[in-house]
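K.L.:
Residue numbers (the working numbering), protein chains in the order written: chain A, 1 to 257; chain B, 258 to 735.
Hints are computed from structural coordinates only; laboratory data are not their basis.
This structure is a prediction, so every number in the text was calculated from the model and none was measured.
There could be a bad hint or two in this list.
What the hints assert, rightly or not - Some chain B residues near chain A, calculated using beta-carbon distances under 7 Å:
| # | residue |
| --- | --- |
| 1 | Asp275 |
| 2 | Ala586 |
| 3 | Leu662 |
| 4 | Pro672 |
| 5 | Leu674 |
| 6 | Ile683 |
| 7 | Arg694 |
| 8 | Arg695 |
Glycine residues also receive a C-beta, built at the ideal position from the N, C-alpha and C atoms.
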Amino acid sequence: MRQETLKRPRVGLFVTCLVDLFRPTVGFASVKLLEEAGCEVEVPMAQTCCGQPAYNSGDRDDTIAIARNTIETFEEFDYIVAPSGSCAGMLKKHYPALFKGGAWEERAAAFSAKVHELMSFLVDVMGMEAVSAAHEGSVTYHDSCSGLRELNIREQPRRLLGSVSGLKLKELKDADVCCGFGGTFCVKYPDISNKIVEEKAVNIKASGAETLLAGDLGCLMNMAGKLQRQGADIKVRHVAEVLAGMDDGPAIGGGGR
Amino acid sequence: MQITSPAFKANARGALADPHLQEALGHVRSGFIDKRQKAVDALPEFDALRDSARAIKDHTLAHLDLYLEAYEEKVKAAGGRVHWAETAEDARSLILDICRAAGARTVTKGKSMITEEIGLNEFFEKEGIRPVETDLGEYIIQLRGEHPSHIIAPAVHLTKNQVEADFRRAHHHLPPTRDLSEPASLLSEAREVLRAEYFAADVGITGANFLVAETGSSVIVTNEGNGDLTQILPRVHIVVASIEKIVPTLADTSQILRVLARSATGQDMSVYTTVSTGPRRPEDPDGPEEYHVVLLDNGRSSMLGTEFQDMLRCIRCGACMNHCPVYHAVGGHAYGWVYPGPMGAVLTPSLIGVDKSGHLPNASTFCGRCEAVCPMHIPLPKMMRHWREREFARGLNPATQRYGLKAWAFFARRPRLYRLAASFAIPALSAFGGAQRRFRYLPFAGGWTKHRDLPAPESRTFLQQWRNREADKQEART
Numbered sequence: 001m002r003q004e005t006l007k008r009p010r011v012g013l014f015v016t017c018l019v020d021l022f023r024p025t026v027g028f029a030s031v032k033l034l035e036e037a038g039c040e041v042e043v044p045m046a047q048t049c050c051g052q053p054a055y056n057s058g059d060r061d062d063t064i065a066i067a068r069n070t071i072e073t074f075e076e077f078d079y080i081v082a083p084s085g086s087c088a089g090m091l092k093k094h095y096p097a098l099f100k101g102g103a104w105e106e107r108a109a110a111f112s113a114k115v116h117e118l119m120s121f122l123v124d125v126m127g128m129e130a131v132s133a134a135h136e137g138s139v140t141y142h143d144s145c146s147g148l149r150e151l152n153i154r155e156q157p158r159r160l161l162g163s164v165s166g167l168k169l170k171e172l173k174d175a176d177v178c179c180g181f182g183g184t185f186c187v188k189y190p191d192i193s194n195k196i197v198e199e200k201a202v203n204i205k206a207s208g209a210e211t212l213l214a215g216d217l218g219c220l221m222n223m224a225g226k227l228q229r230q231g232a233d234i235k236v237r238h239v240a241e242v243l244a245g246m247d248d249g250p251a252i253g254g255g256g257r
Numbered sequence: 258m259q260i261t262s263p264a265f266k267a268n269a270r271g272a273l274a275d276p277h278l279q280e281a282l283g284h285v286r287s288g289f290i291d292k293r294q295k296a297v298d299a300l301p302e303f304d305a306l307r308d309s310a311r312a313i314k315d316h317t318l319a320h321l322d323l324y325l326e327a328y329e330e331k332v333k334a335a336g337g338r339v340h341w342a343e344t345a346e347d348a349r350s351l352i353l354d355i356c357r358a359a360g361a362r363t364v365t366k367g368k369s370m371i372t373e374e375i376g377l378n379e380f381f382e383k384e385g386i387r388p389v390e391t392d393l394g395e396y397i398i399q400l401r402g403e404h405p406s407h408i409i410a411p412a413v414h415l416t417k418n419q420v421e422a423d424f425r426r427a428h429h430h431l432p433p434t435r436d437l438s439e440p441a442s443l444l445s446e447a448r449e450v451l452r453a454e455y456f457a458a459d460v461g462i463t464g465a466n467f468l469v470a471e472t473g474s475s476v477i478v479t480n481e482g483n484g485d486l487t488q489i490l491p492r493v494h495i496v497v498a499s500i501e502k503i504v505p506t507l508a509d510t511s512q513i514l515r516v517l518a519r520s521a522t523g524q525d526m527s528v529y530t531t532v533s534t535g536p537r538r539p540e541d542p543d544g545p546e547e548y549h550v551v552l553l554d555n556g557r558s559s560m561l562g563t564e565f566q567d568m569l570r571c572i573r574c575g576a577c578m579n580h581c582p583v584y585h586a587v588g589g590h591a592y593g594w595v596y597p598g599p600m601g602a603v604l605t606p607s608l609i610g611v612d613k614s615g616h617l618p619n620a621s622t623f624c625g626r627c628e629a630v631c632p633m634h635i636p637l638p639k640m641m642r643h644w645r646e647r648e649f650a651r652g653l654n655p656a657t658q659r660y661g662l663k664a665w666a667f668f669a670r671r672p673r674l675y676r677l678a679a680s681f682a683i684p685a686l687s688a689f690g691g692a693q694r695r696f697r698y699l700p701f702a703g704g705w706t707k708h709r710d711l712p713a714p715e716s717r718t719f720l721q722q723w724r725n726r727e728a729d730k731q732e733a734r735t
């Protein structure tokens, strides 16, 4: 009874453009997890991308225009949650810097204070300790750079994975080393990116896990693409898919058996 | 030295295809990182020391003119001389004048990146002076006619076997039976050769890790003791250093020393920390007759007060490159000038122009590991992004990149158009992906599909599906 009298936090899901375009399952998995955690989830239609491609290419004008749209669209919510450390890091850590000293400074700061990456929101803000999902098999987990180093996401996904029945986590050697994706880096410097992801693939295969998980779709598509080009029999999924029990469909790029 | 930074991509391809280099780079990945981590873990106050080191340098940079003048006064008081060099050319001619006045034919050198920056060895050779590098790594690459590929480990791009072959080629006195299979045996062989050079040298040149305003001293750290022999034995000692090496006091120096070696090699301290102040005094047992400091600006003062000022805190420990996935992949020479890795990606454009070195700040995944390990808290990715902003503003990046970016931004700025375009393109692309659910090749995605498959979109976009789902719910309610 008491539960009903408490107001459920209103969460605006920033689904990220890569999830929107390439992997809607991650969006639905995020909604399910957020609802399990007791949130009311809304998905504003006016969202596009966080602006990182422009921001990291030195195009500040387009970045600011995109950031304004995101802030306007999401500032009404109690929380803004994104299933990506990289995009959440952009919204949380870099938007305030964009508007520093300008008319939008306070507005951007107020917005950014409400932004969280999905795993960290579930565990650190909503206090989630376990999920109801089951996954028969072994997984390994790659720590994506922005989530790890900008938002301190390390223990949260591991804690939740630890509650998935049947799941065995095999730690990845050098899990905290970049996979070589780097946004536009991977197409600007494809040969270097390839060398980095080759090293990552060696470690992924050496982990012996059947499934590779991470919290950022860009990194996942990069690693999945490399593993599949090499013919490796390893499934690749966003960690939210497993935690939400939505891992019965085809894996990213259809890899693995 | 010749700048090859504009050919970064070609350099990188060459590096990736070089099996010796790739073998050598494996040691960077495994060696430096673990050693640093152990040293840091053993010192609970490491992070507090980093904060303090940053504060010392920030304070110094805010009053740089004051500390430089104070430093010069102290050097003079100790009997030395300070020579101000605005450019690399100024520095070279000042150094040459001192060497000529000393009648120098042979000059021994301690390890110094500043003398690399001003191209001193090539210049000396043209002027008929013989430079002899005394740091083992520098000695090796001098034998090979190369430049350092790392700021603290100049020959890190080489394997043991390559060095052994170089020694056998250059040291004609070596009997074939002499064992040179271990780094220690290579070191003692180099030492034997260098011992004579120390005594033959007329001038010794060292860099400086610190210049101390309080005392007018220069401080160097080495692991081989070669720096001491270089600066004590010849008649003339020249310190070549850049202006941001200044720190206010000896106490500040020792504070920063506590993070330097730990970040660099994982040692608590380097084996030798040598403080030198002026020429030999009557009561000193040894030391040079003349003590000169050539203070180089070479573009640094124009970084003050800009978004690149923080770069002047750098103490050249090399931790950023030791932890950089791009450096691990291609090594230091690919960067095409003196300073490689993340610190080079920020500093090089300041010193030689971003028009020549535009690739460097772009060739980063922004993984953030460099900033995470930097003992001076230098926000390297942020400054690389500042360079990218300048390149974008000046139209220096390739047209294909700019048009691609602009086309994408057109939609990203217009949510309705973004949704509309995606609602047509994504289902089509998904269908095109077929049962395989991925592409081995896709037009305009060659940068991606050259080395990896591209996962196909699942089906319709998330926003499309969500909107339909919400509409269905609405309908069910009414």
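K.L.:
Evaluate each hint against the coordinates.
P.N.:
Verification of the supplied hints:
1. Interface restraint check: Asp275/B against chain A, minimum CB-CB distance 12 Å, threshold 7 Å, status violated.
2. Hint status for Ala586/B: holds, given a least beta-carbon distance of 4 Å to chain A, under 7 Å.
3. The restraint placing Leu662/B at the interface with chain A holds, with a minimum CB-CB distance near 5 Å, inside the 7 Å limit.
4. Satisfaction of the interface hint for Pro672/B is found here, the shortest Cβ-Cβ separation to chain A being roughly 4 Å, below the 7 Å cut-off.
5. The closest approach between the C-beta of Leu674/B and any C-beta of chain A is roughly 9 Å, which is over the 7 Å cut-off, so the hint fails.
6. Satisfaction of the interface hint for Ile683/B is found here, the shortest Cβ-Cβ separation to chain A being roughly 5 Å, below the 7 Å cut-off.
7. The beta carbon of Arg694/B comes within 3 Å of a beta carbon in chain A, closer than 7 Å, and the hint placing it at the interface holds.
8. Annotation: interface hint on Arg695/B holds; nearest CB of chain A at approximately 4 Å, less than 7 Å.
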